[in-house]
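Protein chains: 6
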Amino acid sequence: MKSLDVVTFGETMVLFQPDAQLPLEYVHKFQKQIGGAESNMAIGLQRLGHRVGWFSKLGSDPFGRYVLQTIRGEGVDTSACLFTDEAPTSVFFKEMRSSDAVNVFYYRKNGSASLLKPEDLDEAYISQAKILHLTGITPALSNSCLETVFAAINIAKQHGLKIVFDPNIRMKLWGKEKAKAVLQEIASYADVILPGLDEGKFIIGKTTPEEIASAFIQRGNQTVIIKLGSKGAFYQTAYESGYVEGFKVNHVVDPVGAGDGFAAGIISGILRNESLQETVRKGNAIGAMVVGVNGDMEGLPRMEEVESFMNQTSEKRDVIR
Amino acid sequence: MKSLDVVTFGETMVLFQPDAQLPLEYVHKFQKQIGGAESNMAIGLQRLGHRVGWFSKLGSDPFGRYVLQTIRGEGVDTSACLFTDEAPTSVFFKEMRSSDAVNVFYYRKNGSASLLKPEDLDEAYISQAKILHLTGITPALSNSCLETVFAAINIAKQHGLKIVFDPNIRMKLWGKEKAKAVLQEIASYADVILPGLDEGKFIIGKTTPEEIASAFIQRGNQTVIIKLGSKGAFYQTAYESGYVEGFKVNHVVDPVGAGDGFAAGIISGILRNESLQETVRKGNAIGAMVVGVNGDMEGLPRMEEVESFMNQTSEKRDVIR
Amino acid sequence: MKSLDVVTFGETMVLFQPDAQLPLEYVHKFQKQIGGAESNMAIGLQRLGHRVGWFSKLGSDPFGRYVLQTIRGEGVDTSACLFTDEAPTSVFFKEMRSSDAVNVFYYRKNGSASLLKPEDLDEAYISQAKILHLTGITPALSNSCLETVFAAINIAKQHGLKIVFDPNIRMKLWGKEKAKAVLQEIASYADVILPGLDEGKFIIGKTTPEEIASAFIQRGNQTVIIKLGSKGAFYQTAYESGYVEGFKVNHVVDPVGAGDGFAAGIISGILRNESLQETVRKGNAIGAMVVGVNGDMEGLPRMEEVESFMNQTSEKRDVIR
Amino acid sequence: MKSLDVVTFGETMVLFQPDAQLPLEYVHKFQKQIGGAESNMAIGLQRLGHRVGWFSKLGSDPFGRYVLQTIRGEGVDTSACLFTDEAPTSVFFKEMRSSDAVNVFYYRKNGSASLLKPEDLDEAYISQAKILHLTGITPALSNSCLETVFAAINIAKQHGLKIVFDPNIRMKLWGKEKAKAVLQEIASYADVILPGLDEGKFIIGKTTPEEIASAFIQRGNQTVIIKLGSKGAFYQTAYESGYVEGFKVNHVVDPVGAGDGFAAGIISGILRNESLQETVRKGNAIGAMVVGVNGDMEGLPRMEEVESFMNQTSEKRDVIR
Amino acid sequence: MKSLDVVTFGETMVLFQPDAQLPLEYVHKFQKQIGGAESNMAIGLQRLGHRVGWFSKLGSDPFGRYVLQTIRGEGVDTSACLFTDEAPTSVFFKEMRSSDAVNVFYYRKNGSASLLKPEDLDEAYISQAKILHLTGITPALSNSCLETVFAAINIAKQHGLKIVFDPNIRMKLWGKEKAKAVLQEIASYADVILPGLDEGKFIIGKTTPEEIASAFIQRGNQTVIIKLGSKGAFYQTAYESGYVEGFKVNHVVDPVGAGDGFAAGIISGILRNESLQETVRKGNAIGAMVVGVNGDMEGLPRMEEVESFMNQTSEKRDVIR
Amino acid sequence: MKSLDVVTFGETMVLFQPDAQLPLEYVHKFQKQIGGAESNMAIGLQRLGHRVGWFSKLGSDPFGRYVLQTIRGEGVDTSACLFTDEAPTSVFFKEMRSSDAVNVFYYRKNGSASLLKPEDLDEAYISQAKILHLTGITPALSNSCLETVFAAINIAKQHGLKIVFDPNIRMKLWGKEKAKAVLQEIASYADVILPGLDEGKFIIGKTTPEEIASAFIQRGNQTVIIKLGSKGAFYQTAYESGYVEGFKVNHVVDPVGAGDGFAAGIISGILRNESLQETVRKGNAIGAMVVGVNGDMEGLPRMEEVESFMNQTSEKRDVIR
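Chain order of the listed sequences is A, B, C, D, E and F. According to our numbering, the first sequence is numbered sequentially starting from 1. According to our numbering, the second sequence is numbered sequentially starting from 1001. According to our numbering, the third sequence is numbered sequentially starting from 2001. According to our numbering, the fourth sequence is numbered sequentially starting from 3001. According to our numbering, the fifth sequence is numbered sequentially starting from 4001. According to our numbering, the sixth sequence is numbered sequentially starting from 5001.
These are calculated hints, taken from the structure and not from any lab test. Any given hint could turn out to be false.
Stated by the list, open to error - Which residues of chain D face chain C? A few of them, derived with a C-beta cut under 7 angstroms, are:
1. His3028
2. Lys3029
3. Phe3030
4. Gln3031
5. Tyr3107
6. Phe3150
7. Gly3160
8. Lys3162
Said to hold, decoys possible - Calculated cross-link-like contacts (lysine-lysine; reagent style DSSO-like; alpha-carbon spacing at most 27 angstroms):
9. C/Lys2231 to B/Lys1248
10. D/Lys3176 to D/Lys3130
11. E/Lys4130 to B/Lys1109
12. A/Lys29 to F/Lys5029
13. C/Lys2109 to D/Lys3172
14. B/Lys1157 to B/Lys1130
15. D/Lys3130 to D/Lys3109
16. B/Lys1172 to E/Lys4109
17. C/Lys2029 to D/Lys3109
18. A/Lys2 to E/Lys4248
19. B/Lys1109 to E/Lys4172
20. D/Lys3109 to C/Lys2109
21. C/Lys2172 to C/Lys2206
22. E/Lys4029 to B/Lys1109
23. C/Lys2157 to C/Lys2172
24. E/Lys4130 to E/Lys4172
25. F/Lys5178 to F/Lys5206
26. E/Lys4248 to F/Lys5206
27. A/Lys117 to A/Lys178
28. D/Lys3157 to C/Lys2109
29. F/Lys5231 to F/Lys5180
30. A/Lys109 to A/Lys130
31. C/Lys2176 to C/Lys2117
32. D/Lys3172 to C/Lys2117
33. F/Lys5002 to F/Lys5176
34. D/Lys3130 to C/Lys2176
35. B/Lys1172 to E/Lys4117
36. F/Lys5180 to F/Lys5201
37. D/Lys3130 to D/Lys3172
Cβ atoms here follow ideal geometry from the backbone N, Cα and C, with glycine treated the same way.
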């Protein structure tokens, strides 16, 4: 029996959150947290009851230890995580000028995760899992990271892992041309692909959810789920397709992490062999729950919370005392 | 002449307020405040210009001193307050996962207030007042607390105090059956009863404000005022009844304490012999003012502020410089 | 060539901002900032690319140094700023009971700026500028300040500086009668006057924007621009007049400083010889940008930000990563 | 029977404590507390088990309410406290450049307490007490304050109150000549006088503790106690005199408030008719306890703590768990 | 092969650390941490490179999750940890009146860990380890906890685990008589016992380190190590004995956790078969390192840090930039 | 006449200061400040009354603006400062494990300042100054920085500027061999060199202050001043030499910045043509003053403070009220 359900890898950085909604030059205090799409997904999936492994290459420094402690503390398997003395753990700063204008400032160029290389991959570790989860961030970090992604795909194919690909395009990290070519190639190996509408347009060059999904299906993907923000999502396979409406969110507190929670919900549905429609509905629910809570991963729900939310989302929970 | 207008008693705890809207496991810092329905009412009533006595049994510890200092600092008479070495002052933690989901975690089982017993009551002290204010929280704390409530009712009846009863049901503290039986019995001694709509349903088993109020009146209560949240309140006596519309609140910041402010407004109206309609309108105004300010008791208004609010509530106060 | 575009002077105080939305007696921590209408305008104008001089009389104390460092740090010329040992730098405290109720508590009576006197003016310094900016706050601080304002007007007139007058009425500082008389007189010397609607009513005794503006024009002002809050502004000269609609603001975070930003926009337009309509539109844009950011001067935009805002204000900027 | 042991009056201000040991221009956050020599003494004495009344004239503003709430919360009788709309409650800022260099910046000129005048005194209230406590700060605030001090002395003399005078010289508040003349005159009415060594030198013009004390005794004071800092104190009456050694303090955290605690200890000893030597020893003990705790009044001990400290001061209390 | 080196269990609580050195009633803000002797030891030992399992019974609440996340994050195996709905995770508050006076206030009576009972023990899990670590805290929590300790001893004896017993006497939790009897009995089963000098006196009734150690040896313990604070430690077996001097600590920041770090050092030495003298020296080093860092477990060193400290302790590490 | 006294350049970074003395992985909050040896010296010198220019290449980002605002706010001329879009403003984090163990973590590799290149130098700007101040940090940042240092030396030589060189060796930034060769070469151009004892040993290969100084003098330097920490400094020229004792520091709060303050004192003495002994004494005084205050540049004194400190350093300044 497989000892892990899912394995994922990628850069998790230390995030410095400003304590005031001001241009960053006027912010005096910052709060340390972690930020990383793959670890968000891993933590989200672990909370839904699955066994998840995550790894990266961290700096042998206090910030690297902090990233490890946080993710391991959440119950994710971190036994394959690597450390290096050659580069520091990356950091980034969030700026919130107003509730509508969020910006990020990265110190991740030549960071520890960019040193990941194909030889770092532990084939035995990866082959324990049923699913390999990949994002489009990792190949943008460095050439060796790009090679590592393809090496991981290779291992996955050899050992029968499904590949779930969440494009997560970060234009700040690489050029448009290279991004498009690489993401297309990774997409071509994915069993399941989870683009946002703009991401789908960018990769495949079509416009509507239906067109984008059909194009991916024609290129060989089994399942395509296109995220449509507050409107929900559109899914398509060779056999079925449809829209699943999003859950109403009273007040969006922090949109970051919603896509990672969505991915966790989708993978959970796949692992539980739920219907695609139900799977997408769960992804939508988690996305909606995450945006109502501050923090990237703090608001990721446990399974009983997801179920409770899906049943009674329109009712307001009062102070219970 | 009576030297106090109102006497009340019950548990006031130290409240630890999280400094971030996050699941509690992710909150790093907490702010110390106090929380207690009876002391909120007492402070609210004192600010309206009345002489109020409050007491409890506090732990002989820094937190007990803090509760005493805070309530005494507000001008409430605390000379009958008791201290014990046998149990600590209770504490509780608030969790604000999002603006819609507030939860509390109590450490009040076997706390100092639960040791209150009939012998602790100072008959001479209570008999100085015109009104005894009771909540449904105290009888839920322990059997000796329950007995103390009935002993206080007895003293009130002997010395001609009116009894105002605010059910304040806390389901976390006791079983449904016992709660119902005890609250019904306390209600039967009250001159004035101030249930919320759900509380009225729970105690008396009816559905509409009119039915609930009529049922209480038939059981012998003089005055019934049913709180309807943002919609205002419904009042009924043997001679009159009616709805009083609520004041519009632009932005609910913190709903806790609104019911206690409402009770303070009602008791103030009774003490000033104002018409019941005007009395309920004042209760509504205070409730509306409290929800617009953070904190349980910080937002309780002074009389001139209530009057100013009632006259011009729809106008926005600009920055005055 | 003139080495400064604009010179302005007036009291900048240290502002203590509460760290919680509570009545001030319940606030534990305060954050130090600066507050001053003239320095806000100066900083705003400097960010738009102009050379601005600001001066005041500050106390020879740490708070005076802080005010100087902050304004100088922003690139405003402070070389004419004076210091005194005879009075402390003024301070004030903001109270935010709720988002609708902001109040201020001044400790500025007999503060250092109130000691400004005509002899303090450096004629050579002022005469370097093209425009003298005045507010109605300075003459309210003391008799010597009032005389200083008229002495500055005199210098401006002698050296051919335009005078831009922003009434900024502070009723807490002086009596109604005196205020009206003085502001009328200052207004009579202004080339450009920027009253709010209520300010216009108070000074000139008319009701509609058109009536107010006409009255000023008849009294000899060249340009009148009447601020209408979220509705925009009305402008009038001898030759043209019109309304310019305001920009939509999603969420007003902090209204303070909007008028000062508006003034900076207007003066920038004048210095660049832009059309009056375009000038007012820029003033509106800056006002709208400022209210969306916390702080009085922190949210004042740089020119490229203003242009970007004016072009795409209705679109929401996403998290850019 | 007298219903109060001691009455005192004087200015209590809101103190803003910096959150960092830095020149004040570089401190971002400040914590609100109260500061006032007379209220420190009153709180200290109340904790030792006596009934104490304190009053001042406070501003009708949030800071005035805060001062009142804090002192009343400590159990001091504040029923004679006055409020005014004519001036604000004074504030001051502490600067801690280093642990050796503390400075204060007052905003107390023309503050509410400076408006105290003889007519404000409630003769009936003062006459309830056995002892009137005075400091040399109040007469320095304004002429009407100076007159109020002498009016209070007059009431005390008429009603048989002892006068305890603690010079507390604040050179920042008045001229040397006037200070000397006034303090000499107040001293001449005092039964007990508690100068520091430098204060004694300043008022009476002698050098050693013995000389200073003898001079005061010759001028008619009953009891003179000269504070010698860490070395303890020297006392003298017509009948006895001597040195009482100070208690060893491991680490001075905050020296402010030590003199006020000393005064509370002395007055407590007088009220309990303890020997002068024991009285001074208690004063020394409280002074030593106060300097080991942050805050002006927070560290003032309760009687059982004083006794425990006097018995076992050299032993270190371990963590008790 | 054994898959764990050491297993330990006991209550870990959420600790609220005051943000100011003040009597607790005057502290406004508290910082959340964890506190628990057994988990401190477990974390310390894990950092030294060993495989450690820790378990407790935690409340199914956010604080229980926080305790689990923190300990698991440190790499300790928590797979045997239990959760309950029947009682909350215990909390406690630290008071630091001064650097010499620390006090704690527990809310742990009837907390979740007190519900631990013999049936909760997982024999298979415990039997994986080479050493069982016990403290004298657990048997003081409740009768079922006491029984659980003896049941664990029984399992250890059956499966050949060594028992290391660290008395950690908490007099606040139980009566003197019962404490003495129980601790004596647990001690009788221990292979290694690590009392402080006072603890040794209390349990065995002797005075000097030599006498205490001899008495334990005669009662059958293999190894006795008596902690002597800054003076180091005394060890004795049937074959050898001696004093090992302590390391000099420049500035004791926080003494809590030193004993747990000492225990971790001792157990590490045992697991590595180092000489007893070297083992005790390592325990001393870790104890000295822990008291120089704030926090109970944050300062526990990694092995390379211990070695570096033991080699160069007298030299001062400069700022390395 | 020269319009600047001194010009300096080099990297100033944003420094994130932990809010707790803990290993960095356990610190939650960080405070933003600036850190840079050259800007510290520039600010220090400006406070002593001189006209100083500083420049660097900053990122066109909020952190770059913050660095500029802070240094400009202090009155240093920043008109030659450059901005780039090609690299971010560098940041670094301080770790304070204990008061004895401070560590820094840089994110300055490929930062904006490392892009400084000879063409960036403004010959006209530099030639306005009498003295060029250089540190050994800048040549370690990149090859183009190294070339820039030599280009600046060239300009200085052409325009008759004196060169003051403060080695400030940062071993984390470059290899030992290269460091030694480069620093030797820069030293060879310096009129005045200010090494610490270890720096002198490293550069010139001698042991005692006298030997090191003589070696530099023989290589052609005019003045050598060797910093000896708390012991003061040794100076030597062709004509005189001697030791100047350091000032006693009661409590070292933060040693960072002391060397930069020392350099400011030396340069001030040179500019004022004071005797070398007096100059070194002033450097010692400033160094001693800086280490008693938190922060790198906050504690740099104004001239009148230096003089007051030099006159009365052994007396303790009391609370002045």
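Violating hint indices (sorted, rising): 6, 7, 8, 10, 11, 15, 18, 23, 24, 26, 28, 30, 33, 34 and 37
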